[in-house]
Structures are given as structure tokens and as C-alpha cells.
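2 protein chains.
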Amino acid sequence: MARIVMKFGGTSMAGIERIRHVAGLVKREAEAGNQVAVVVSAMAGETDRLIQFCREASSLYDPREYDVVVASGEQVTSGLLAITLQGMGVNARSYMGWQLPIRTTPAHSAALIDAIDADILEGVFSENGIAVIPGFQGVAADGSVSTLGRGGSDTSAVALAAAIKADRCDIYTDVDGVYTTDPRIVPGAKKLAAITYEEMLELASVGAKVLQTRSVGLAMREGVAVRVLSSFEDKPGTMVVGDDQIEDYQMERQLITGIAYDKNEARVTLTGLPDKPGSVASIFEALANANVNVDMIVQSVPRAGEPSDLTFTVPTAALAQSADVLEKLKEKVGFNEILTDTNVVKVSAVGVGMRSNAGIAAQMFKALADRGINILAITTSEIKVSVLIAEEYTELAVRVLHTTYGLDDNGETA
Amino acid sequence: MARIVMKFGGTSMAGIERIRHVAGLVKREAEAGNQVAVVVSAMAGETDRLIQFCREASSLYDPREYDVVVASGEQVTSGLLAITLQGMGVNARSYMGWQLPIRTTPAHSAALIDAIDADILEGVFSENGIAVIPGFQGVAADGSVSTLGRGGSDTSAVALAAAIKADRCDIYTDVDGVYTTDPRIVPGAKKLAAITYEEMLELASVGAKVLQTRSVGLAMREGVAVRVLSSFEDKPGTMVVGDDQIEDYQMERQLITGIAYDKNEARVTLTGLPDKPGSVASIFEALANANVNVDMIVQSVPRAGEPSDLTFTVPTAALAQSADVLEKLKEKVGFNEILTDTNVVKVSAVGVGMRSNAGIAAQMFKALADRGINILAITTSEIKVSVLIAEEYTELAVRVLHTTYGLDDNGETA
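Those protein sequences? They're chains W and F, same order as listed. Each residue of the first sequence is one higher than the last, beginning at 1 in our numbering. Each residue of the second sequence is one higher than the last, beginning at 1 in our numbering.
One chain only, chain W, in its complex shape:
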């Protein structure tokens, strides 16, 4: 017998037919003798509909009331899944965030989970019952409804798994696992049997949006074993676990686990930056104060006393704001121009294996250079090498790197 949290996303809950299918999956786990708690998202499209209502009601909507409105989507699907399970003869009941309770910080519309009371759930398990819990929502200390921000349902599921010391947190979604890269670009991309938290974080932040980044970070801190799998196809999925458990799933690790890409970065170049102490620092300080997340940074090496160029990337969504911030600094810092380019893509190779293996970056640069792909910027971390290139080379670069790192084999990795 295992204790399992099962989480179903919006497409899995979109309509009664799909909810009935989900109920079948839940029933199967319960009949296998497992203790099951289920976390559900709102029906696909419903949260957007509710957010749109709030925006129309007032452009400066109160996040406290916004939470009251948008939390209703998960309330509906929780009740409907409980009803459906009962109709199949399964002893199920829903518990809202304020009923358990799921205690959060008071940061409405972007709350963090403080604690989840497991008492009610332990009672449900002891009576062989199944609890259905709305994701995304909780209750603040003042008794008001709170929500965790978009995609928060994954985080709800992982936090719940930690609270009840679940053996596993199964995240059912509309893809059947984590692949070595985007199968739309590389048809031979393989599904990974397992991946570490850190690799998943790097892959998620660079574009493989299977699991919400925040939930992966929480799973890593709490040591929750997460499985990503499809609610539409009966396939094994991908385990997301710690470095110490990864060997339970893979006899031998590849050096590189996957190739990711992210088109949501924009390049900014400041030309003619004077060679003065503190001028670069003042630029990044101003951007940080505006909550702009700067990623890749390249500075041309100036001859002493001569101006240089500074290039960096920001999220495309923050480009206009960044330009505003920089425009105000122009005179004070004394650079010439602000050049921007949104036709760029960040391509990354991610893998825990590269820690113990030099030459991964060099391999990447050579493979891209051989295809005449110009590298605009580079960043590296312990388990990731990323390059910024022109967007038109996205598919070519991903395919080349997928092959370069030996990920093109047939079948799934063992």
C-alpha cells in the first residue's frame, strides 16, 4: 500500500466526460489498495474566463476579491469529481482550502503555502475514503480566500504530498512525460524515465513547461517524489526525483538529459558605454529595482579608458519596461544607444552528468559553428550550458545538439 497524491490539470478536468475518465484513474489507484488524495485544477479556460471578469470589473482589481472569484473554478471541479467518484461507488468527499485548512501567506493572488493541516485527511484515509482538494487555493490567517498564482495547482499537490508524507505525487497532464527535447522539433525525442529536480528546474525555466517551476523547487526542498504522466494515455510517465534516487530509475545516466529552447527572451545592447567604475552595476541595479530578471550578460572587452558595448537578455514581456528604465539612465551613465532584438532564442543543454565532464560546452560551440550558427551570448551553470542565437536557427540548433549529445536513439532511455 502506498500513499499517493494525484493531481489533474485543466485539460484533464475540462467537462464531465473527462472528469469521469479522471475518476476512473483515481478509482483504479484506490482499488489497488492505495491511500489517495486528489488535487484538481479548474476546467481548462475557466480561470481565464474568471480573470477576464475581474479585469473588466476594474482594471485595478483588489487581489483579495480576485481570489474569491478565481478560486471558484477549482471549487466546482472538486465537487464534480467527488460526485463522479461517489457515482462509481467510491467513498469520496471534497475539502476546500479553508476547510482543511491550507494556510497561506496573505499575499492575495500570489500567496505562498505556509502549512497544510493533515488531520482531516488522516481521518479520511483511516476510513478508506478519498479526499478531493481544489488546487491553487488556500486561506490566509484573517480567514480570507487566497490563491497561489497561475499554475499553483502543481504546487498545491506537492505541498499536500509533503504534508501527508505521501510516497509519490502524480501530476497528470496533457503530455505523457518529460522528453529529451520538444518532439515537434525532433520527432525522435525520447521520453525520460527519470530526471532530477535540478534538471527539471533548468528544463522548465528554459521552456519545457511540463511542471510549474515553483512546484519542482518545493518538491526538491521537501524531497517529494513527483511523477509526470498523461491523463489521456496509459503510459509510465517521467519520475522527478533527487540525485540520490535517480539511479533507481536509470542504470546509466547520459551526460546530457535534454535540449530546451526559450523564445521568450529579448536581447538588449547598450553601445558606447564609458569605461567608468560602477556604470554596469548601476544599470543592473536599476533593472533589478524594476523587478526585471536579467539573464545572459556579455560585455565586449574595452581597451582601457575606451567605451564598450554591453549586451544582456530580459524576458520579452519586460522589454518595454526595461527600455523605459534604461532610457532614464542614458544621460547619467552616458551610453550612446539602446538596441533591442526580440528575434532571438536561448537554446540549452541540461544534464547532471556534465558536472563531472569537461568539454560539454566546447562540443556545443563547435556543433553550432559547423552549421554556421552565430552565438550571441553564453551562460553556463553547473548542469546547463545555454547559448543565445538568432531565432530562425531554433529548429536547426535543437536538432544538431540533440544528435551531438547522443539523444537520438530509438525507444525510451532505460
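To be clear, the hints were calculated from the coordinates, so they are not data collected in a lab. Treat the numbers as computed from the prediction; the structure is a model and nothing was measured. Positions of the beta carbon are idealized from the N, C-alpha and C atoms, including for glycine. One should not assume that every hint holds.
[Claimed, not checked] Cut-off 25 Å, straight-line C-alpha distance, at most; resulting in silico cross-link-like pairs (SDA-like, lysine to any residue):
| hint | chain 1 | residue 1 | chain 2 | residue 2 |
| --- | --- | --- | --- | --- |
| 1 | F | K263 | F | D295 |
| 2 | W | K27 | F | I297 |
| 3 | F | K27 | W | S59 |
| 4 | F | K328 | F | S282 |
| 5 | W | K165 | W | D117 |
| 6 | F | K27 | W | Q52 |
| 7 | F | K209 | F | A361 |
| 8 | W | K27 | F | R55 |
| 9 | F | K328 | F | I297 |
| 10 | W | K263 | W | V124 |
| 11 | F | K235 | F | S300 |
| 12 | F | K27 | W | I51 |
| 13 | F | K263 | F | T213 |
| 14 | W | K27 | W | V124 |
| 15 | F | K235 | F | D248 |
| 16 | F | K27 | W | S144 |
| 17 | W | K263 | W | R399 |
| 18 | F | K27 | W | E56 |
| 19 | W | K328 | W | A288 |
| 20 | W | K366 | W | A377 |
| 21 | F | K209 | F | A317 |
| 22 | W | K332 | W | S279 |
| 23 | W | K165 | W | L255 |
| 24 | F | K328 | F | S300 |
| 25 | W | K276 | W | N336 |
| 26 | F | K27 | W | L60 |
| 27 | W | K27 | F | L60 |
[What the hints assert, rightly or not] Which chain W residues face chain F? A few, computed with CB under 8 Å, are given here:
| hint | residue |
| --- | --- |
| 28 | C54 |
| 29 | L60 |
| 30 | Y61 |
| 31 | D62 |
| 32 | S72 |
| 33 | S94 |
Put chain F on the given structure of chain W with help from the hints.
Frame of chain W, contents of chain F only:
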């Protein structure tokens, strides 16, 4: 300064534009110096949509989970109205049924309000705030969400008005008040400035569905002054008050306040009923046990020892079930046939004035007989005379009686 509960129905809350209009009405009352609590329904059609989901999920849905699902409709509109009011610079906040709390019986999907805690609301009023409260919902003693059944939002509003000792409960709806009869049948029907609780109950139960019957009964018991008015037109509406207050609104009462009709009755006739003690009683007992509400009853006077015919009416919706119940009694009680007729209408004249005035019923019978309209059954109460006639005469009978009782004057009653 007055303390007012304002309640808005589903058509008044159907979409952001209408909610914005509602917010304007609320703001006006607040700016006039009044203390205001607002009770809202779900958007028109939303509750039906949610109920349909529950039915599709399982034909035998758990009413506890049904309540979780359907209560979400009012949660959404409460939050949206609070947001809209805030956007207009009004200090507003929503409070769910479980937050106030509005305590109810545990009869899920048909709960009764036990008590409403006024503490939070008194705090809101003392800070010149406006509370927005979802109608239709509350919380049971075990902490589960409960709902009051269809149309329960009117009841929520009246109960809230009683709890906070409001001076008035304004029910905003899509009609602008209570009329002497259906204006679609009698274009000269007049809007009543005021009506007593009892008259309203009789008019509601016979077809003038402006206010939910249950809320009128509660208003009568608690002495809550209710005003029915349109949220779409800026007109005075109709006050619903006690006998002792009615004179504040009308110098002189008409004998008859209004003419109502109800097509949702079906006639049942049992022929050849043996003249045995207890046979009639056994029939009505069986129908009562099946929760069928028998209304008008006529028995032909038999010659001693000879069989007679028994005629009565039941709600059309309960006709099939009634026929089943009666079929089972046929042999035991020994009647011949069960004849049914759904092409009938109940037409009623209602008025507190008839208490002190004989001859109202006789006037009705003569007016109908003069037009050749055959009366199939009669019931009377202290303030109502009803007749059952063939449905094809509905409009003729309503017009004739409206004229007979002098309701055809121009303008509104004073």
C-alpha cells in the same frame, strides 16, 4: 440614515455591464448616507449550468457536493461586485456564507437559515463599508457549504435584513413591482404601491412570481419591510409590509388587490367512488404520503349509498406520480376511472379587504357566468377566492375580474 439590504437577482448580475449598473445603484444608496449590505444571485443561467454539471456527473448526486459546486456562482458575483464597487471608490468587501457565517441546517441543497452572525457586518458598517454577500448559500454546523434551494437568494436577503435589523430589504429584479394582474393580459394593470405579506403570499403561490414565497413568509414572521423594484428602471416599486403598516402607503385599500392565475394545476376526477366511510380520506392520505400537494377539492353529493365523483387538483408536475398512486388504490377503494385534465387554469382574486366584505365570491361567480365560463372547482381563504376553469378562458376571465373589482383605473394606486 437608514440601514438597507439590497438584493440583486440573476438578470441584474448577468455580466460585467449589468454588475456595473448594480454598483451604481449601491453607490447611490451609500452616498445618500445609508448603511448598505448587498446580497447577490449568480449570473443568470450560471446556476442552471452548474446544476447540469452535477446531474451529468451522477444522476444520484450527493447534495453536499452539489452545494459545493452550485454555491460557486454567487461566490463569483459577490467578488465581482466588490471589485466593481472598489473601482468606483466605494469601500466594499465580499463575505462568503462560511465567513460571516450564515448558519444553516444540514439539509444540503434545501437548507434553512438558522442564524446569521451580525458581528462582522456591524464592524463593516462602523467603518462606513459595504458588505457584499452571496445569496443562496450558508454553512452547516459541520463546516460544510450548504445552499438554500432554488430562489433562496431572496430568503438570504430577508434573513440578513432581520439579522442586522435593517429598515428595509430592497429586492431588485427584472420587473418593477407587483401589479394588480399580469400586464401581458391586462395592459391597464396597475402597479401596487403596497401590498400585505399575506396578499403577496397568495399572489405568489397563484402565479405572480415576483418574490420567492419562502422569503415572503420569513419577512412576515420577522416583520421585515420588503420593497420589490426594478434594477433596470428607476421607478418606486412595491412595498410588501404588514397589515398594520399598509396604511402608511395607501390611504384607502381596494377590496381586491389583484387577480392572479396559475396554469400549473391539473384536474383529477375519480368516478364511481363508493359511498363508504374513509374512502376519501384514504385517497388524500396516499397522495400526502407521496408528497403531492392537493389543492382544490370538489365532491358531487351522492344519494345515500350510491357512488359519487371526486374531483381535485394537483400540480401538473406531480400528475404522473399522482396517477400511479391512485392506480394502486383503485381496487382497494373501488372507484371506476381516473380522469385527468391539464387544460385547466386556476384564477384567483386576492385582497385583505375581502375579510370585512361579503359578496366578493358571489360577484366573481356572476361575472364569469355572464361570459359563459363554467366553474369546475372553487376554493376560498380569508383573503382569496379561486376558481378552476378551462384554460382557454384564462385571458377572458382575468380581464373580466380585473374590471369587475374596479382595478382598471388609470395610473398607480395611491
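Could you tell me which of the hints above the structure violates, numbers in ascending order?
2, 10, 11 and 23
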